[in-house]
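Using the sequences and the hints given, assemble the complete structure.
Residue numbers (this note's numbering), protein chains in the order written: chain A, 1 to 570; chain H, 1 to 173.
Just so you know, these hints were derived from the structure itself, not from any lab.
For clarity, every value in this text was computed on a predicted model and none was experimentally measured.
Keep in mind that a hint or two might mislead.
[Unchecked claim] Okay, the calculated bits of chain A under chain H, using three or more residues with CB under 8 Å as the criterion:
| # | stretch |
| --- | --- |
| 1 | 185 to 191 |
| 2 | 407 to 418 |
[To be verified] Derived PhoX-like pairs: lysine-lysine, alpha-carbon spacing no greater than 25 Å straight-line:
| # | chain 1 | residue 1 | chain 2 | residue 2 |
| --- | --- | --- | --- | --- |
| 3 | A | Lys-72 | H | Lys-130 |
| 4 | H | Lys-82 | A | Lys-88 |
| 5 | A | Lys-205 | A | Lys-470 |
| 6 | H | Lys-111 | H | Lys-88 |
| 7 | H | Lys-73 | A | Lys-88 |
| 8 | A | Lys-520 | A | Lys-563 |
| 9 | H | Lys-73 | A | Lys-72 |
| 10 | A | Lys-467 | A | Lys-435 |
| 11 | H | Lys-56 | A | Lys-418 |
| 12 | A | Lys-97 | H | Lys-73 |
| 13 | A | Lys-10 | A | Lys-281 |
| 14 | A | Lys-133 | A | Lys-435 |
| 15 | H | Lys-56 | A | Lys-72 |
| 16 | A | Lys-520 | A | Lys-164 |
| 17 | A | Lys-35 | A | Lys-520 |
| 18 | A | Lys-231 | A | Lys-172 |
| 19 | A | Lys-72 | H | Lys-88 |
Here a beta-carbon is modelled for each residue, glycine too, at the ideal position from N, C-alpha and C.
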Amino acid sequence: MANFNIDSTKARTYDAIVIGSGISGGWSAKELTEKGLKTLVLERGRDVQHIKDYPTTNMMPWEFEHRERLPKEITDANPIAARCYNFKESSAHFFAKDNEHPYIQEKPFDWIRGYQVGGKSLLWARQTQRWSKYDFEGPARDKFAVEWPIGYDDIAPWYSHVEKFAGITGNKDGIDTLPDGEFLAPHDLNCVEKYFKESVSKQYKDRHIIIGRAAHITDPQQIHLDQGRAKCQHRTICERGCPFGGYFSSNSSTIPWAMKTGNMTLRPHSVVHSIIYDDKKHKATGVRVIDANTKEMMEFYADIIFLNAAALNSNLVLLNSTSSRFPNGLGNDSGVLGKYVAFHNYRASISGEYEGFLDSTTDGRRPNSGYIPRFRNVHKQETDFLRGYAAGFGANRQTYNERNGLGESLKAGLLETKYGNWSVGSHMMGETIPKESSYVALDKTQKDPFGMPMLKINVGYDDNDEKMIKDYIEQVSEMFTQAGFKNVKSHDGHRNPGNDIHEMGGARMGKDPKTSVLNKWNQLHACKNVFVTDGACMTSTSTQNPSLTYMALSARAVDYAVKEMKAKNL
Amino acid sequence: MERRVALKSMAMAVGAMAGLPAWASGWSKSTLEKGTLLTADQSKILAAMVETIIPKTDTPGAGELGVGGFVQKMVTDCYDSKAQASLKSGVSNLDEQSIQRFGKSYSDAGKEQRMQLLQDIDKGSDTGQKAFLGMVKNLTIQGYMSSEYVMTNLTHYEMIPARYHGCVPVTKG
Numbered sequence: 001m002a003n004f005n006i007d008s009t010k011a012r013t014y015d016a017i018v019i020g021s022g023i024s025g026g027w028s029a030k031e032l033t034e035k036g037l038k039t040l041v042l043e044r045g046r047d048v049q050h051i052k053d054y055p056t057t058n059m060m061p062w063e064f065e066h067r068e069r070l071p072k073e074i075t076d077a078n079p080i081a082a083r084c085y086n087f088k089e090s091s092a093h094f095f096a097k098d099n100e101h102p103y104i105q106e107k108p109f110d111w112i113r114g115y116q117v118g119g120k121s122l123l124w125a126r127q128t129q130r131w132s133k134y135d136f137e138g139p140a141r142d143k144f145a146v147e148w149p150i151g152y153d154d155i156a157p158w159y160s161h162v163e164k165f166a167g168i169t170g171n172k173d174g175i176d177t178l179p180d181g182e183f184l185a186p187h188d189l190n191c192v193e194k195y196f197k198e199s200v201s202k203q204y205k206d207r208h209i210i211i212g213r214a215a216h217i218t219d220p221q222q223i224h225l226d227q228g229r230a231k232c233q234h235r236t237i238c239e240r241g242c243p244f245g246g247y248f249s250s251n252s253s254t255i256p257w258a259m260k261t262g263n264m265t266l267r268p269h270s271v272v273h274s275i276i277y278d279d280k281k282h283k284a285t286g287v288r289v290i291d292a293n294t295k296e297m298m299e300f301y302a303d304i305i306f307l308n309a310a311a312l313n314s315n316l317v318l319l320n321s322t323s324s325r326f327p328n329g330l331g332n333d334s335g336v337l338g339k340y341v342a343f344h345n346y347r348a349s350i351s352g353e354y355e356g357f358l359d360s361t362t363d364g365r366r367p368n369s370g371y372i373p374r375f376r377n378v379h380k381q382e383t384d385f386l387r388g389y390a391a392g393f394g395a396n397r398q399t400y401n402e403r404n405g406l407g408e409s410l411k412a413g414l415l416e417t418k419y420g421n422w423s424v425g426s427h428m429m430g431e432t433i434p435k436e437s438s439y440v441a442l443d444k445t446q447k448d449p450f451g452m453p454m455l456k457i458n459v460g461y462d463d464n465d466e467k468m469i470k471d472y473i474e475q476v477s478e479m480f481t482q483a484g485f486k487n488v489k490s491h492d493g494h495r496n497p498g499n500d501i502h503e504m505g506g507a508r509m510g511k512d513p514k515t516s517v518l519n520k521w522n523q524l525h526a527c528k529n530v531f532v533t534d535g536a537c538m539t540s541t542s543t544q545n546p547s548l549t550y551m552a553l554s555a556r557a558v559d560y561a562v563k564e565m566k567a568k569n570l
Numbered sequence: 001m002e003r004r005v006a007l008k009s010m011a012m013a014v015g016a017m018a019g020l021p022a023w024a025s026g027w028s029k030s031t032l033e034k035g036t037l038l039t040a041d042q043s044k045i046l047a048a049m050v051e052t053i054i055p056k057t058d059t060p061g062a063g064e065l066g067v068g069g070f071v072q073k074m075v076t077d078c079y080d081s082k083a084q085a086s087l088k089s090g091v092s093n094l095d096e097q098s099i100q101r102f103g104k105s106y107s108d109a110g111k112e113q114r115m116q117l118l119q120d121i122d123k124g125s126d127t128g129q130k131a132f133l134g135m136v137k138n139l140t141i142q143g144y145m146s147s148e149y150v151m152t153n154l155t156h157y158e159m160i161p162a163r164y165h166g167c168v169p170v171t172k173g
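What follows is the structure in structure tokens.
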């Protein structure tokens, strides 16, 4: 690449480069461009423009020729993606295809990916809880992984910052394990969910049932209207892309906002090969990119680089960014890069029925559900496993149609909706422990179709997870039984790690450069102009869904980076 | 390069998915038009069968609503080869039974004759034919209940409810 002329180099030079356009990349782009930086956003997949590129968003159920089920040929060719709950006829085009993007599973790991502008922000389940101080203090108190270099107070203002813009529905519940945020009007809990809330609060001081906090605009504010977004219409077909912008996605919110500043250049079809490190300048000078269509290698240059490729891909890019200064991957002086990967454990669920409130039902649809914040080992260690779990909780009035017989009696049965009992259900969301033995690494010989080394993933469940599953089943079954729910059944689905889509770590934050990759500003300890603010940065995993934290960390890191750049410290 | 050519031909093959850009229709089955599982005559028998399962009353039956085509499409595209074989042989066996007992093809048999043949399978001991009937019945119910006619006129599907109320009285519908 040494033969680029000077004009060409100039044309490929920006103030900042953002690698990835998903939840965290979108936020990095928005904040950087708002602060006036000419920013190049690189996305490995195709462009997906809000509304225009949501081909299924307004299709009626009968317009799907297989009624949402995917042809066998597609599920057979994509066994990993096909295990994801959201991989269906209406949304499959937002998933990366297994056979086009191979990786190596040293242990079973369902790596679910969205390779397009907006990434997985088009597909997410939109739950957005803040972490609490107990989550940030976890590793230090319970002596695992390393201490977080930040606490709740460091990030709280940034949670507020991103919540106001993204639009989060929720109720101010005043629970210390789950700090309140800047909420729009809450969704309703239904009668059985409210009844369960009362039942639980009678039995336990520290267990709560609340309505989920989710990235839906229930009550649009000027800042949302300015983004061209409108109120959530309760269609509950969010995974097709929402034409109203009723839920937060990069496509409806941060990316067009960044584009409007005039400072953003978006380059889709750009598979990032590595970050270029200049041994003489002691900093990164740019990014090497493989054009996904032509396979041509090219370089782009910038003063600061935000790596937001999604957790495992950000690890891959850093590991593949080698130089004489960093032979084992950019910023990897400690040797921990790629290690201490963890995830969320969604394996177990519990179901039951309630025979009360039989004269009541629900009306409309709700893109949200109830939530049980973590209650185990919060204030002190009280069980034989570390950390804890949150849980989803929801109730629905069962309806059914008689399907007996054939002919006119069958037809009559089908068209008369009958009400059964209420069904109730819960699923666990467990914190897993980042360990050195849970790692991703580059394969030395095998390459993917883009010529990148294949990523090896070695992440599995451990004894702590098994004990936690058992405890969740015992505790929540007990809560169900106390509430008088009948036919209570638990289920361990034994899903593979990764299927929860919350993989985290590998380039963890920490105080000590000897044991961590990033400092408290999400900045590489050893290469100050590179920042990682997606799931790769996470020191531990908490029980809360991680997306809101990625957004807040991204905005916070950009604020710091731009100040440092102006002070000529980068 | 090969992939691009493949995508292009795929886009041409799926005229039925008009209105979707190439990258979206790339997800629909490239071989959707590879031909149907059943012959034209067998398709007629299947249509008569789904109409017998959910017949015309004061509203259209499953046959008129094209549910036979849906059943065949689902089995062709989404089911394994065993289920496909079961559909084929099930339809043939049903027709043979009809010819044997009533001297005419299932598609030409009277309403009551058709029903009797299905009820005999239902009560009979041929597990293969029972499984065939069960599969067709389930898909017929799915296709009928999710048809435009039923969802628009009978069950009143709401695309955009714009609300959620957590506790309302049950109304007798």
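Legend entry - Hints violated by the structure (numbers, ascending): Structure breaks hint 15 only.
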